[in-house]
Every structure is written in C-alpha cells, then in structure tokens.
Amino acid sequence: MSLLDTKPEHIEGWNRPPVIEPDGEGELLEVAMGPHHPSTHGVFRMDVALDGERVVRLKPVFGYLHRNHEKIAEGTTYLASMPYTDRLDYFCSLSNNWAYALAVEKLVGQEVPERAQYIRVILAELTRIQNHASTIGFLLQEMGASGTPLMYAFREREKILDLFESLTGSRMMCNYMRFGGCRVDVSGPWLAATRKVVAGLPAFVDEFEALLSSNEILMARCQGVGVLKPALAVNASISGPMLRASGVNYDIRKVDHYGIYDRFKFRVPLGDHGDIYDRYMVRVLEMRESIGILNQALKEIPGGPIMDPKAKLRGFRPKAGEAYGRIEAPKGELGFYLISDGSPNPYRYRVRPPSLINLTVLEDMCLGQNVADVVLIFGSVDIVLGEVDR
Amino acid sequence: MLGEGIIKGMLETAKNFAGSFVSADRLTTVEYPEQRIPTAENARVFPFLVYDGAGWEAGLRCVACQICEKECPPKCIYIEKSKDKKPDFVGKMQIYPVRFDIDISVCMSCQICVEVCPFEAIKMDTQFELATDDRFGGLLMDRQQLAKSNEYYHSIHPAEAAEVDARLAQEKTAAEAKAKAAAEAAAAKAAADAAKAAAAKPETPAAGGN
Amino acid sequence: MRTVEEIKAAIEAAVPDAGVTLVMNPSPAAQHSLLLQPEKAVAVATFLRDSPELAFDYLSNVTGVDWLDKEIAEKVKVTKSVTKTVDGVEQTVDETVEETQKRVEPGYLEAVYHLYSVALKDGPLVIRMRTANRTDKIEMPSLTPVWRGAEFQEREVFDLYGIVFAGHPDLRRILMWDGFKDHPMRKDYVEPDDFEYEPTAHDEVLKRAQERQASRD
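Chains as they are written, first to last, in our numbering: chain H, 621 to 1010; chain S, 388 to 597; chain Y, 37 to 253.
Because the hints were derived from the structure by calculation, they are not lab data.
All residues carry an ideal CB built from backbone N, CA and C; glycine is no exception.
Incorrect hints may appear among the rest.
Which residues of chain H face chain S? A partial, calculated answer using Cβ under 10 angstroms [said to hold, decoys possible]:
(1) ASP782
(2) GLU827
(3) ALA830
Please model the complete structure; the sequences and the hints are all you need to start from.
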C-alpha cells in the first residue's frame, strides 16, 4: 500500500497532523529513510513522501529492535529485571534503574535511606549531563559538523563514564540501584574524583556554547525549523526537554518531588518558539542547572547506610496491588507500571518509554519542511532505539 | 557581523587543537592494545567460581543451591547437583555441583548471581579479552574453566576479597564455636545421662538386666 | 489533589449515566482507579480533559493487561433430596450437603490509562476499561481523539494484546511485523518453535537443537 493512499480520515476532535496537498507539479517520491541510515540512531525507518524537497507525509516504522522486554520481565523476578532496564535507554542506565526502583518502592512502600537518595541524585544528574552533551553532539553530527562537537561531548562523557565504572563496575550497564537503596557505597576518593569532574564541567559547557550557540550555520539550520506548539505538545504527551522547549513548564522533578529534589535549588529552563534551536538551548541550560544540583548534593551528602536494612534481596514478593512510578529521565518522562499478584514475578510490567511517545509528533513537525531537515528534527527529539522498541 | 559566531567557534577548536599537545585533559585517547587503562577495582566482566586451598575440585565453595540459576536474568547458568557430599570450608558435609556451566555468550555481566549467592562462591572476573572463533563450544565455560583460586580473587578485587575473607572467617569461628559448644553440650549431656543412669541404677537393679 | 471519590462524583454530576466504578488498589501506592463503561468512555475522558477544575490534559501512560479466565472453586451448601434407608424403610429426605462447585469467571483484557494535569500539576488519575471477554468481544473506544499521546501506545496495546480500539485513526501493528498473527503479551501466548539456540542448551532443548541441526544438514 502506498503511503500516499493513507490519508488520515477525519475524526471529531482528533489533534491530527495537517494534510498537505502536493502542488501538482511533477511526481511525488516515496523515500524509505532507514532502517540503515546513519541519522536514525539505530534501526528505525521513516517512510517519507516527498513533493520535490518538501515532505508531504511521514510515517515512522518501529520494531526492528523489539525484544519484548515486558514479557521477559513477567517471566522473571523483580530483581532480575533491573539489569534489563539498563538496556532500554543505554545512554542513561542509572536513570532507568532509578525509575524502576522507584516504581517497586512505591509498590511495596519501601523507604530509601538519606545517603542513597543523595547518591541517586548525583548519579542521575551526571547521567543527564552526559546524555545532553552527547545528544547535542549527535545533532551537530547530523547537521554536518562532522566529528568535532561530538568528540568534545564524548571527551567529557568519558570522564563521567569513568566515574560510573569505578563505582558500579560498568560504564554503561550500571545495574546499580536496588529496591530500598543502592548496591555499593560511594567512597571518599570517588566523591573527590566526582567533585573534580563536576568542577571542570562549567568550563566544558562554556566551551561548547562558544563553539556552537552563536554559530550562524547552526542558527540558520535550526531556528524556525520543526516547530512544536505547546498545546499539541501537551495533548500528544510529549515530555522532557522537548516539552519544555515548547514553553510548557513541566518538570517531574519539580512536580512530583520524587527522591529529594525539593531540597535543591534549580530552575527549569523553558523555550519560547519550540523549534530545534530551543531544544538545543534547553538542553544546554539543563546541563548548567544539573551542575548546580550536583554541587549542592556533593556538598550536603550525609553519612549513613545505603540500603534499608529491612529491604529484601532474595525472596522478594510484594503484596498484590499496582503502582506507577515515574521520573524525569534525560529524554523525558520515564515511567514503570507494575501489577503484583503476590508472586515473585510481576504480573504486569510496563515501561512508559519517553523516546517512543516523543516521536508521536514527528510527522507534525516535519510536514512542509525540507527532507534534509527531517534528519535534524528527528535528531532534536533525542531518542534511543533500545527504548523505542523495547 | 555575520560569521562572527563561526570564527568564535573556530578559535575554540584551535584552542583545543593546540591544547591537546600540552594538556592531558584535552587528549584522553588511549591506543589500545599497546596502551591500556588500568582496570577499575569494581570492574565486572563475567563470573567465576572461587575455590579455597590447592585443588580446584575439592575447594569449590559452591554448594549447588541453584539460587543463582534461578535468579540469573538471561538464564545462562546451568547446574547439576551431586549425589554424594563433600566437606565445605567449615567442615560441614555439603553437596557440590557436578556440572556448573555458564554460557558467556548469553551472560550480560549484571552481577546478580554474585549478589544473591549466600556462600560467597561466585564472583566477577575482570578478564575481558575472551574472543574465540568457536561460538558454541568456546563460550560455554564449564566448572573447571570457571574455577579460580581465592588468591586470584584477592589479586583482582583486594578490598572486596579481604571483606569476604573476614566474613567467612567469622562464620567459621562461629561454626566452630557452635560445634564446640554442641560437642561440650553433648559431652555434658552424656555425662549427665551417665550420672543419672548411675544414680538410677541402685534403685532399679533389675532394669539393667532386662 | 482531589481524591478519586471526588473525581468520581464530579464525573457523575457532569456525564449522565457515566457508570463509573471505583477500583481500589491495596498496595501502599494507593493509586486507586476508575473503571469506565466503554460506551461512555469518550464522553468521560473529554470531560476529564476539558473540565477546568480537573484539567487532566496530559495522558502519561497507556497499557494493556491480560486477565485470564479464572476458575473459582467455592463451597456451596446445597439442599438435595436423598433416598435413604431409615429403619429398613426407604425414605426420601432433604439433606443439606456442602459441595465444592467450580465456576469459570470469564477473563478480560483491560486498558489502563494514567492521567496527569500539566495545568494544575496534579495526578495521577488512573482510568481503566475492560472488554467483555478475551476472544471475540475485544473492542473498546479509542481515546486518541481526546489525547493524541495515546496514538502509538494504543497501537502497541492492539499489537501486543489484541484490543481493538474503535475510532483509532491508524490502528496497525507497531512493534511486531505486519504479517504476524498472534498477540505476544497475552498470558496464554505460546512461543513459536523456531529457536536457533537457547542459553546453555541442555536436556530437551539440546536434543531439539541437535535434531533441528541434523534436519538442516
């Protein structure tokens, strides 16, 4: 079936993408962008219908990396799903760990000791910084700035990953948080090393901004491209930096007060136009705010246990019930929905993937734009295919 | 002025290019395999089985309880229990694994087996250069390939291994104290019984004959 | 944050015959939910989104749950006429006997929606809808016209659970490929016997793998 035949029917009230009629001169061209395309961050396909250079229809095609993570989790214990969460968004394994631990802690009413909360905040904010830095690097790579910004971002990311490795034993698949705390305690030298890395981060962000923010080519390519209106962003469940770039003040760290985020002073950067440049800028500013949170957390971190002594590792069986826990992951709202029937395995285990849901508006943002900008708009969404397809 | 931003960016690039010759912070590349970064102490790659003493077969700490097999997320562990028993480190008779396979092509290095093991028998190795051309046979580790000595464990994770040794020593002393107490109690009981029997004897002389 | 009971009352005041039932959640999370009647679901959802006091304008999460047919064994007291021989004479006596009766409670597919309010920074509100059974009556109305965010997630529920969302603009498979027949997240899904190699093949798995290998050679 041709893509052009799938004209969306009119449904009362549906906030559907606009229908763009071709101008009738010349033939329409259907292009399959992906699944093997360097800009798709993995295996992902966009079926694009083009009228000249202009996009008149776009349908994303998912599932190339689908492994039914949810079914696997239903067949195994609660604890055994923790390392699988690392592999959802493999850039931010520690945020994923936290989201899952938070959902399970809600399910069983588990308390988390103070020190573990601080460690979680420190690790989650380090994750956010390295994720945003590499996202900007990838975006610039797709814009044609071959290598340089990405390598600067990766140089900094490397320092953060070294910290992760020395603490959790693995650079990307950290598998660090547990229900009711964290796995190993942070040592004095580790904290000192973290302080040193964090002290170097503002200079890195300044350097990144000097390199990019006022670059005329970047502005020409990004400003006014891929605009997302706030009303549509909320209606389409967009979350994370994408939502805030559209000017919607909604940060789950501020709204849900999960963990201990209400103890820290930080601002929520907001965009104004909802274009690619705003998404870039929101990420840069979020990195700065994260550095602020890190400085506060590293100063205030108390001593004490890192695991609730009542928490169980073996033979963990929550009482029947359900819980939905969500956090502000670097890519957006990452939620876990769990139903327990009292057995050691969850009856239902659901991941709310921000990457997948943020792609809902991909077509809306791309329609009427040039095909070269599709790559940029897609890059500015910030997805990881491991999470989209699960 | 148009182009100002680009020039500013170029200056930044130039600073980094020149800086990479003088500052180690700006040049972080390591040319593997000639150069290597030292492995982090917490690093984990694939699990191995710890044994005490000289013989790997006699010294394996594993008692084939199969908890790790059940908890392993990708189900890469396969254990067969033994029919007979052998003494463990405190001298208690325990069953042991006659077969303990880990398929490291499936293993995802998550360390859950280490965390759930109540006997400190399985630990994480730091050896990562394990490439082989035999996908099925070469990556299926059996019990002999997995067995590594406690000294080796000390050499890769010194702090953690010392902690584990202290805990095991404590357990051993506790077990010995318990055994001693049990033996003493048994001896006391036997003595008491004997005394009782001796005391009882004169009253019922006929009972002994029955 | 309003309680679920208050929200339920508000819905019942605004939507006539809404038929909303409260479903309690016994876990410490205490996220109770509202069970909607499929016929009224779109009206209720529109009210939840547009009412200025509630303003649940953000649909966070949509998911399916599969509840299998349940066989319930219960002890019932039954009065039976029993023919007995009492004092050598055959008599029919009514006797109360305790019997174990088995009845099958039909399973259903359920869609769970988690709502938040961006305007009021409120939530979550959990709403759910159920199908009549798991085999043929598996339709329920789509809430994509109310919240665009349900578009991909309802497609995913359709793909993995087989719930047919009436009124969804583009109900196709999303994660599995187009020719795929079954719904893999259902509890009674049987994996196809097309494995190549399984973790630490042994026993019957090894035998099966070897047979497969032999037939291929």
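Here is what the structure says about each hint:
With a cut of 10 angstroms, the hint placing ASP782(H) at the interface with chain S holds, because the nearest CB-to-CB distance is about 8 angstroms. At a threshold of 10 angstroms, the smallest CB-CB gap from GLU827(H) to chain S is about 6 angstroms, leaving the interface hint in force. Because the smallest distance between the Cβ of ALA830(H) and any Cβ of chain S comes to about 5 angstroms, under 10 angstroms, the interface hint for this residue holds.
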